[in-house]
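Asks: Using the hints, position chain P against chain Z.
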Amino acid sequence: MKNPVFLGALTVASLVAGAAAAATLDDVKSRGKLNCGTNTGLVGFAAPDANGDWQGFDVALCRAVAAAVLGDQSAVEFVPTTGKTRFTALASGEIDILARNTTWTFSRDVDLKFTFVGVNYYDGQGFIVPKSLGVSSAKELDGATVCIQTGTTTELNLADFFRVNNISYEPVPIETSAEAQQQYLAGACDAYTTDASGLAATRATFEDPTAHVILPEIISKEPLGPLVRHGDDDWADVVRWTLNALIAAEEYGVTSANIDELVANPTSNPEINRLLGTEGDLGAMLGLPADWAVKAIKAGGNYGELFEKYIGQSTPIGLARGLNAQWTEGGLLYAPPFR
Amino acid sequence: MTTLTDPPKDSFRLGMLIYDTRYRALTIQVVALFAFMLLAAWLINNTVQNLASLGKPIDFGFLSTAAQYDINQTLIAYDNQDSHLRASAVGLLNTLLVAVMGCALATVVGVLVGILRLSRNWLVARIMTVYVELFRNVPVLLWIVFAMAILIESLPAPRDFRGEDAPAAMLFGDSVALTNRGFYVPEPLFARTLGDLPVFGAFDISLDFLAILAVLGAGLFASGLIRTRADRIQNATGIRPTTWYLRLGVVLLPLIALLVALGFHLGYPELRGFNFQGGIHMRNSLIALWLALSFYTAAFIAEAVRGGILAISKGQTEAAAALGLRPGRIMSLVILPQAMRVIIPPLISQYLNLTKNSSLAIAVGYMDITGTLGGITMNQTGRELECVLLLMLIYLVISLLISAVMNWYNTRVKLVER
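As given, the protein sequences belong to chains Z and P, one line each in that order. First residue of the first sequence: 1, per UniProt numbering; consecutive thereafter. First residue of the second sequence: 1, per UniProt numbering; consecutive thereafter.
The following block holds chain P by itself, in its conformation from the complex:
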């Protein structure tokens, strides 16, 4: 039996923190961390002290005082006697609105353009190249201002719609008005409405809307069940039953029944006084911002999509073609699902960019969170530091939420390796 002897154990000496390579890296990191924290503490302390000596200590009390200004686009009830906090919430919802609309449109346009750029049709491919280069290489602020200028200068003013021989006319049987103050489109109204559901006393949610969502969700779930059943039959017998009319009916029929029960009808915009009344008013600030952000971001998304598709080897296309799939189905069933795992990560950062770029809204007078909390509220209360800190926190949280959702989606679509 042999005896294993441990190597002689050095006792730890202080000098080893510097001279021993095992500890040196750690020492440097700890020292650097301390230096960084000291610097941060010094800056924060300096700021707080200087603000105090200016007589402006950090105080968030201003958020509960009356805002006293009006906001044109409000998704929740708001008037100028409400608090700055509520005005900020209105702005936040406007930011989220344009961000969601922008991400949706940018994705659709981006994917289409990305695919079409690879088209074998010379003209289509070139046009898409021009589009991508044009939008990618001009600052988004210019696109926003440009879109706004076009809307203001090229569309008729509401007063042009007046009179017997009006120079402008409404579209689609007097239901849609395109003016230089925005687009007026019909709004859904309910004759037998279910009313509103107050949430925490802060805002109301339309029960009609919730009911429609619930019915739609149930319909889609039922449709999913039918598909699973069809898959099972196909796996067992090799014959797929025709289900499209069933699936369509399951979604549409309950929805139509609900709409009839609620007394659904459209409210049309109508020129009264200075402006169109009734209908949904999409202000041109929203439209300009939405279109400019979407088309700008779509150019980047198109490049990500093109890169993703090119990353899939040509053998995949050829194999799918050999199986007899049509080109459209090859793209949607074989190429895109595989390309997704390449596309999603850059797509996340494009969504983040779009959301953050929406803070340029003030250029066209769109009242987003930067326009309310970081604009008028900051200006009227003089609380720059507090407002900017809150703004940064809000954008940080929005961005992290988008990242979290997209990362969750990414893990779902990414290639499962065996």
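Next up, chain Z with everything else stripped away, as it sits in the complex:
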């Protein structure tokens, strides 16, 4: 019987039929809701709070896009995705945008047919170990058991790192970061590896964060950013420029506190005026209202505000700006001009 093949074809055909509908912006507008793929739960980046509302740095980007497109930052349906399910969810059209600390790589961009619209966090892969293990460098991990989230670039980086350094290890593949924490804390693995930001976020949830140390080696470049499907450039532009608006807003000193003031009394800086829609018609070019960027920024604040609120030094996660500072401050954040 050819049933299995037939059913498989049926599944894929329906998947592809979903993906073939190109005008995501119109879909989102007519649906009145943005479908946003996030992590299944990574404190600081995407996790439900005590009230069940999704909060975090990645979540804030989706809210900003929803605010820009629909004028309502709460019009977002969050779809938790694992490292394995995320690309299928995006390719099938189940989600409009994937904001789940996903590394921008060549093959994902080119071969998997996605469009990375930018970088919202420059990260790198690191290791966390218990202090009691007495390890101070990742190169001392010869023979160690390493927990790793499966279906991610970290898996490949890890294999490369141990091969280059000619040491052995035992990989323990794990589906979600919650399971990884359980195994790591129980001592079923000596070390846990993922992006350094994720390690910091994970450590913040431990009972005694000081008993664990993140090793100094950063073994990879991990530019994390939101991505959309290939072939829908209008939608990619909307997401790209919403992200750029948040970054530019920080650069020009536009915050959620002073934005109403700046809209009411336009400044002499034309760049700010164009960003806020008081001059020019950038919004219309995107197919959005003139105040799209105002709404996006008011949703949670500019890039710097979001960073401080969810993952900055004052939070339990305590990440420094580092590479993620504005280019004027020695970082890599550099929004193209709004004109």
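Mixed in with the good hints, there may be bad ones.
[What the hints assert, rightly or not] Cross-link-like lysine-lysine pairs, in silico, DSS-like; alpha carbons within 30 Å at most:
no. : chain 1 : residue 1 : chain 2 : residue 2
1   : Z       : Lys29     : Z       : Lys113
2   : Z       : Lys221    : P       : Lys314
3   : P       : Lys356    : P       : Lys414
4   : Z       : Lys298    : Z       : Lys29
5   : Z       : Lys113    : P       : Lys414
6   : Z       : Lys29     : P       : Lys56
7   : Z       : Lys221    : Z       : Lys84
8   : Z       : Lys139    : Z       : Lys84
9   : P       : Lys56     : Z       : Lys84
10  : Z       : Lys221    : Z       : Lys29
11  : Z       : Lys84     : P       : Lys414
[Claimed, not checked] These stretches of chain P come out as covered by chain Z in the derived footprint (C-beta under 8 Å, 3 or more residues):
no. : segment
12  : 23-33
13  : 362-370
14  : 380-388
Hints were generated in silico from the structure; no laboratory data involved. From the three backbone atoms N, C-alpha and C, an ideal C-beta is built for every residue, glycine too.
Replies: What follows is chain P alone, placed relative to chain Z:
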């Protein structure tokens, strides 16, 4: 002489395809078949075209590119520079390993529980009922995750075995270590090994293992000859010669001689660095998956066994008892052989279920075929359709093979009617 005249022959008209009941059923079937094939063709064509327009035509070339990821449990040699195809083969062997181990344990437990559930001992029968209902009515995924959680949380980490005053200790004279990373047990080693035999350059088979199998097979064959001879003598004279020591010796002596010749000794696990080194490492993902699948499936097998036994009329038991057979022998010589023909068909489907359920392995990070080909490979290459098609094909072939073997066994044990 009478002449038989044929009934007048109607010439065939097209309308008869619909109005003539002789042809109508056939017509409907042909039309339905065409409609089905059109639908299938449309779906496949649609898929292929859409994939092509997405720039992802169906292509299995990715299987020969380097996999670049590591797998912890490998039954054949593998490293991250090997191809995706080989990574899939590693996963397939892991699937087969847990399926074979699972079917074996599930059968043993299932048969025992099924028989004990019919025990006249109230307590034993009730305990078995509780077991069956408990395992049958909770999803197997939960059992797998539960077993894994217990292994991780309740057993000591390897570092607990270190030091003078260690909180954990190895069992059986420092030969077995139960840790939350798995069980470390002694491994068989050969001082004068025969080496490995490469097969098609793809993987190696240990010649020691083959030699042991050959000697064991020969021993069992010789033992069978002795039994046939004993049967013949018993049929001729009525007296059965005592043969158990002969049969035992024929199997064991050559085996022991071979093991001594090969320099057999055990390699014990030893705590070095972060982990135990040496010995066989049964990872807790394998153990959790194996136990959960086995005990879950055993509950169903127990019910099949109980049903099979109840299907044998009580007269059989009474007749056997009247002949003076002990209860244990009644079960093994009279009841079970007859019950087998009732038990085998549902047993086949339980074996199939267990094998297919093993695809839940990813829940505990066991790298089976779903974890490698359908997991990491699919994720890293983005070839969903190709991977899923291959996976379905592989599971289909495994299932059909199990069915074929079990059906062959079924025809052997089924009642020969005269």
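Asks: Given the hint that lysine 356 of chain P pairs with lysine 414 of chain P, does the C-alpha gap stay at or below 30 Å?
Replies: holds (26 Å)
Asks: For the pair supplied as a hint, lysine 113 of chain Z and lysine 414 of chain P, is the alpha-carbon distance within the 30 Å limit?
Replies: The hint is violated at about 56 Å.
Asks: CA of lysine 298 of chain Z to CA of lysine 29 of chain Z, is that 30 Å or under?
Replies: holds (20 Å)
Asks: So if I understand the rule, the pair passes when the alpha-carbon distance is 30 Å or less; does lysine 56 of chain P with lysine 84 of chain Z pass?
Replies: holds (19 Å)
Asks: Can you take a look at whether the segment 362-370 of chain P is actually covered by chain Z? Rule is 3+ residues, C-beta closer than 8 Å.
Replies: Result for this restraint: holds, n = 4.
Asks: Closer than 8 Å Cβ to Cβ for three or more residues is the test here. Does the segment 23-33 of chain P pass it with chain Z?
Replies: Check failed, 0 qualifying residues.
Asks: Could you grab the alpha-carbon distance between lysine 221 of chain Z and lysine 314 of chain P and see if it respects the 30 Å cut-off?
Replies: violated (74 Å)
Asks: For a C-alpha distance cap of 30 Å, please report whether lysine 139 of chain Z and lysine 84 of chain Z respect it.
Replies: Satisfied, since the Cα-Cα distance of roughly 28 Å is no more than 30 Å.
Asks: Against chain Z, does the segment 380-388 of chain P show at least 3 residues with beta-carbon separation below 8 Å?
Replies: With 6 residues close enough to chain Z, the hint holds.
Asks: Hey, lysine 221 of chain Z versus lysine 29 of chain Z, does the alpha-carbon distance stay inside 30 Å?
Replies: Violated. Lysine 221 of chain Z to lysine 29 of chain Z sits at ~36 Å, over the 30 Å cutoff.
Asks: With a cut-off of 30 Å on the C-alpha distance, tell me whether lysine 84 of chain Z and lysine 414 of chain P pass.
Replies: violated (47 Å)
Asks: With the threshold set at 30 Å, check whether the alpha-carbon distance from lysine 221 of chain Z to lysine 84 of chain Z stays at or below it.
Replies: holds (20 Å)
Going down the numbered hints, you'll see the structure goes against 2, 5, 10, 11 and 12, while the others check out.
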